[in-house]
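Participant: These are the residues of each chain, in order.
There are 2 protein chains.
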Amino acid sequence: METQESGAGNPIGSIGDWTACAADPGYRAAVLDLLGALAYGELSAFERLAEDAKFAPGLADKAALARMASAEFQHYQLLHDRLVEVGADPTEVMSPFVEPLESFHRMTAPSDWLEGLVKAYVGDAIATDFYREVAVRLDDDTRELVLRVMADTGHAQFAVDRVRQAIEADGRVGGRLALWGRRLMGEALSQAQRVVAQRDALSNLLVGGAHVQGFDLVEVGKMFNRITEAHTKRMAVLGLAS
Amino acid sequence: METQESGAGNPIGSIGDWTACAADPGYRAAVLDLLGALAYGELSAFERLAEDAKFAPGLADKAALARMASAEFQHYQLLHDRLVEVGADPTEVMSPFVEPLESFHRMTAPSDWLEGLVKAYVGDAIATDFYREVAVRLDDDTRELVLRVMADTGHAQFAVDRVRQAIEADGRVGGRLALWGRRLMGEALSQAQRVVAQRDALSNLLVGGAHVQGFDLVEVGKMFNRITEAHTKRMAVLGLAS
Chain D
241 METQESGAGN PIGSIGDWTA CAADPGYRAA VLDLLGALAY GELSAFERLA
291 EDAKFAPGLA DKAALARMAS AEFQHYQLLH DRLVEVGADP TEVMSPFVEP
341 LESFHRMTAP SDWLEGLVKA YVGDAIATDF YREVAVRLDD DTRELVLRVM
391 ADTGHAQFAV DRVRQAIEAD GRVGGRLALW GRRLMGEALS QAQRVVAQRD
441 ALSNLLVGGA HVQGFDLVEV GKMFNRITEA HTKRMAVLGL AS
Chain B
241 METQESGAGN PIGSIGDWTA CAADPGYRAA VLDLLGALAY GELSAFERLA
291 EDAKFAPGLA DKAALARMAS AEFQHYQLLH DRLVEVGADP TEVMSPFVEP
341 LESFHRMTAP SDWLEGLVKA YVGDAIATDF YREVAVRLDD DTRELVLRVM
391 ADTGHAQFAV DRVRQAIEAD GRVGGRLALW GRRLMGEALS QAQRVVAQRD
441 ALSNLLVGGA HVQGFDLVEV GKMFNRITEA HTKRMAVLGL AS
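Residue numbers (the working numbering), protein chains in the order written: chain D, 241 to 482; chain B, 241 to 482.
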């Protein structure tokens with residue numbers, strides 16, 4: 241998280257506002273990619289959480305998941321409106337990310353309520369870590385939007401509480417969910433690497449575009465490592481070995 | 241809709257505010273039933289719309305359905321908060337309505353995008369008609385909440401546009417959807433009658449409780465007829481024979 245501390249909240253690291261930065265077509269394309277991925281991610285998170293709500297053991301849990309899904313949709317709406325504001329077509333901008341995200345979801349379809357909770361918790365956290373890392377390389381306006389959208393929607397504490405209760409009630413649950421957590425992380429990294437390989441503008445932003453200093457492919461590897469480390473810590477919080 | 245015009249917006253028909261009316265335990269029980277049915281209806285509508293979003297032919301349509309689902313959830317939240325405010329347990333109050341609503345949804349699971357749209361449109365409209373009819377028999381505070389929650393969430397025009405386009409493109413679609421609309425209305429009436437038969441307090445409110453004048457079983461039958469007539473008109477707006 242060093243990058244985050246030295247950049248995200250720090251005006252010294254500012255590369256300027258959107259108007260200044262977007263004059264560079266490469267930068268503009270990269271940010272549209274990023275917002276498109278984030279927007280489809282939110283829409284997709286909405287769908288998955290709404291689907292997982294069906295597994296809920298009771299009405300209060302069902303409503304809790306519906307509440308999170310609804311929060312994700314509000315985030316989608318912010319991103320959609322921003323894309324329209326900067327003259328982009330949201331559908332077009334989201335399209336390249338439909339397949340990778342749907343692949344991820346297909347490969348990690350939860351088979352029950354607890355797997356769904358762990359996925360919501362872990363998936364959301366991985367996405368948040370990634371976007372916070374990237375945020376330091378963004379113009380002020382885009383960074384503010386990204387950080388706002390990645391604000392906690394309440395998944396974390398809810399999932400942690402429910403999963404720990406389940407493990408306390410039946411220790412064998414822990415082994416199964418630990419395996420599940422590893423699979424989630426593996427699939428997330430696999431799809432992220434696929435996206436990086438396919439989206440030139442986005443990759444350029446990650447490895448250092450015109451407005452970015454001191455970032456290279458080794459740094460991308462380090463970023464993935466930091467996200468993996470954070471995942472390991474989160475699994476421990478859930479009471480799971482990673 | 242005569243009842244609506246002569247009552248809903250008319251202070252002359254007022255039976256007082258919640259505090260005054262809820263002193264009668266029968267009235268209080270009836271309103272908790274009504275709000276419970278409405279709350280679970282909204283949660284259930286959220287789930288169904290979110291599920292139907294999967295059938296959407298494109299990202300813009302998917303987002304439109306997710307937006308409606310999210311609006312239903314906001315309504316659920318208002319009802320939930322109101323139930324807590326009057327000292328009721330939302331889960332307990334919703335419980336009696338889970339089975340009838342799930343039965344309705346099980347009997348009317350849409351097999352494609354268009355059936356889902358017609359169901360969202362017709363189902364929402366039937367519910368709105370019913371609650372507007374009931375609203376005239378409610379205290380001022382509850383009536384205000386019910387009317388606010390039943391406000392259009394944008395289903396109507398969206399569904400009408402999409403269904404008419406589909407019928408224009410292929411006339412045979414109309415016959416299939418007309419049959420579907422009749423089935424939806426039949427199942428809705430069937431479940432509504434089941435609920436009326438099972439919930440004494442709610443039925444008393446419908447047929448005339450302590451605070452209600454001039455309403456009897458014949459009036460309940462007339463109410464169902466008015467709702468059926470309104471359904472017929474709505475099917476015609478969709479371009480379907482009912």
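Since the hints were derived computationally from the structure, they do not count as laboratory data.
Using N, Cα and C, we set each Cβ at its ideal position, and we do this for glycine too.
Don't take every hint at face value.
Stated by the list, open to error - Which bits of chain B does chain D cover? Going by a derived footprint, with three or more residues having C-beta under 8 Å, they are:
#1 283-293
#2 301-309
#3 314-321
#4 330-342
Said to hold, decoys possible - Derived CB-CB ranges, DEER-like:
#5 Leu387(D) to Glu325(B): 31 to 37 Å
#6 Glu384(B) to Val338(D): 40 to 46 Å
#7 Gly461(D) to Ser343(B): 40 to 46 Å
#8 Ala481(B) to Ala349(D): 57 to 63 Å
#9 Thr468(D) to Glu384(B): 35 to 41 Å
#10 Lys473(D) to Gln397(B): 46 to 52 Å
#11 Gln438(D) to Ala437(B): 35 to 41 Å
#12 Ala349(D) to Gly253(B): 36 to 42 Å
#13 Val324(B) to Met347(D): 37 to 43 Å
#14 Ala481(B) to Met347(D): 17 to 23 Å
#15 Ala263(B) to Met347(D): 43 to 49 Å
#16 Ala437(B) to Pro297(D): 26 to 32 Å
#17 Ala300(D) to Leu419(B): 36 to 42 Å
#18 Arg404(B) to Gly327(D): 29 to 35 Å
Participant: So, for every hint listed, does it hold in this structure?
Facilitator: Against the structure, the hints:
no. : hint                               : result
1   : 283-293                            : holds (count 6)
2   : 301-309                            : holds (count 5)
3   : 314-321                            : holds (count 4)
4   : 330-342                            : holds (count 5)
5   : Leu387(D) to Glu325(B): 31 to 37 Å : 34 Å, holds
6   : Glu384(B) to Val338(D): 40 to 46 Å : 42 Å, holds
7   : Gly461(D) to Ser343(B): 40 to 46 Å : 54 Å, violated
8   : Ala481(B) to Ala349(D): 57 to 63 Å : 41 Å, violated
9   : Thr468(D) to Glu384(B): 35 to 41 Å : 52 Å, violated
10  : Lys473(D) to Gln397(B): 46 to 52 Å : 49 Å, holds
11  : Gln438(D) to Ala437(B): 35 to 41 Å : 59 Å, violated
12  : Ala349(D) to Gly253(B): 36 to 42 Å : 52 Å, violated
13  : Val324(B) to Met347(D): 37 to 43 Å : 40 Å, holds
14  : Ala481(B) to Met347(D): 17 to 23 Å : 46 Å, violated
15  : Ala263(B) to Met347(D): 43 to 49 Å : 58 Å, violated
16  : Ala437(B) to Pro297(D): 26 to 32 Å : 29 Å, holds
17  : Ala300(D) to Leu419(B): 36 to 42 Å : 38 Å, holds
18  : Arg404(B) to Gly327(D): 29 to 35 Å : 31 Å, holds
Hint compliance for this structure: hints 7, 8, 9, 11, 12, 14, 15 are not met, and every other hint is.
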